[in-house]
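Each residue of the sequence shown is one higher than the last, beginning at 541 in this note's numbering.
In case anyone wonders, no lab produced these hints; they're calculated from the structure. Among the hints, erroneous ones may be present.
Straight-line alpha carbon distances no greater than 27 Å define the calculated DSSO-like cross-link-like pairs of lysine-lysine that follow [to be verified]:
(1) Lys796 x Lys772
(2) Lys665 x Lys655
(3) Lys655 x Lys634
(4) Lys634 x Lys669
(5) Lys629 x Lys605
Since we're looking at a predicted model, the values are computed, not measured.
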Amino acid sequence: MQSLNFQRSAFDPCLYFKYYSDIHVFLVLYVGDMLIASPSITLIVELQNNLSKNFEMKDLGDAKKILGMSIERNRKTSTILLNQKSYVKNVVEKVSMSNAKPTSVPLAAHFQICKNQSPNSETEKERIKNIPYSNAIRSVMYLMVSTRPDIAYAVSCLSRFMSNARMPHWEALKWLLRYLNGSMDIGIIFSKLSDDVNLVGYVDSNYANDRDRRRSTTSYVFTLCGACISWKSQLQNIVALSTTEAEYIATTEALKEAIWLKGLRDEIGFLKQKVTVFSNSQSSIQLCKNPIFHDRTKHIGVRYHFIRDIVGLSSRVSVFHGNDEAFIIPTPWIWSKVECVI
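Given the sequences, and given the hints that come with them, work out the whole structure.
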């Protein structure tokens, strides 16, 4: 790629790009899969010809699938849909749940799972040995990181028990699989006609929701042109002593992601604007903006205080208070709100 004067991204080693005055060419490469994008068909063909001179490759035409993701283009509505319908179908078939009744949320509120839910009988202990819990979790985890932010919280909770799953955990996982069975068509839609071209993030936390260690969950989602491009739901590394501290830690993690996304966006020349991150916690926002020493916050680790410097550099990231549907990420999702976010 260097011999063709393509530049490798400093933020993503799988991305290469080259500019021709006001026209650009992008190449995404992962192992044996390659995707080329450009407004100019001529430049795409030129790159294909140059690459084919150096190694054997096969042109599959317009992008329809990559890394297990289906790419559906609708030229009438100027949209592109990324989903994994066939992948979901294979996952539910492997666990014999193709005919299971669908559920409306990924994880219902009545599932209070923890490590102490041990089998109560020898029969139950024998049953758990034959349950493909770990394999099923790995399958839905790949689905979650690719195109399904709506199952991020559920997968985060259930993946904690891969090495010591019990029947209550399996019942919760089956609930998630039933949800997937009824929502195969859900994906991420990118619209050419979207008015919202800004990079926007939403962050929230679920305080002390881990029943075993009482740790909180950090969750965030970032959108560009109205579509989700980055998301995470993960248990925090330390025990937060208050909801404010949990939100503060979550906001720190979200801003770290915002900095990376902004760097990638700016590098490829996509509207260099400030990133806006919304939080529903007024107290954590004030803690970000006001570094006053206080007995209730003096114990917070230094690594989380870098957020104050980032917020202070107004040209990079701003944090605001908001009440958006995205704040339901760290709790069991409501179907109507899932559709709004995705």
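Structure-based check of all given hints:
For a cut-off of 27 Å, the pair hint linking Lys796 to Lys772 stands: about 12 Å separates their Cα positions. A distance of roughly 15 Å separates the Cα atoms of Lys665 and Lys655; the hinted pair therefore holds under the 27 Å criterion. Taking the CA atoms of Lys655 and Lys634, the gap is about 26 Å. The hint holds against a cut of 27 Å. A hinted pair counts as satisfied when its Cα atoms are at most 27 Å apart, and Lys634 with Lys669 qualifies at roughly 17 Å.
Simply put, Lys629 and Lys605 have alpha-carbon atoms about 16 Å apart, close enough for the 27 Å limit, and the pair holds.
Checked against the numbered hints above, the structure violates none of them.
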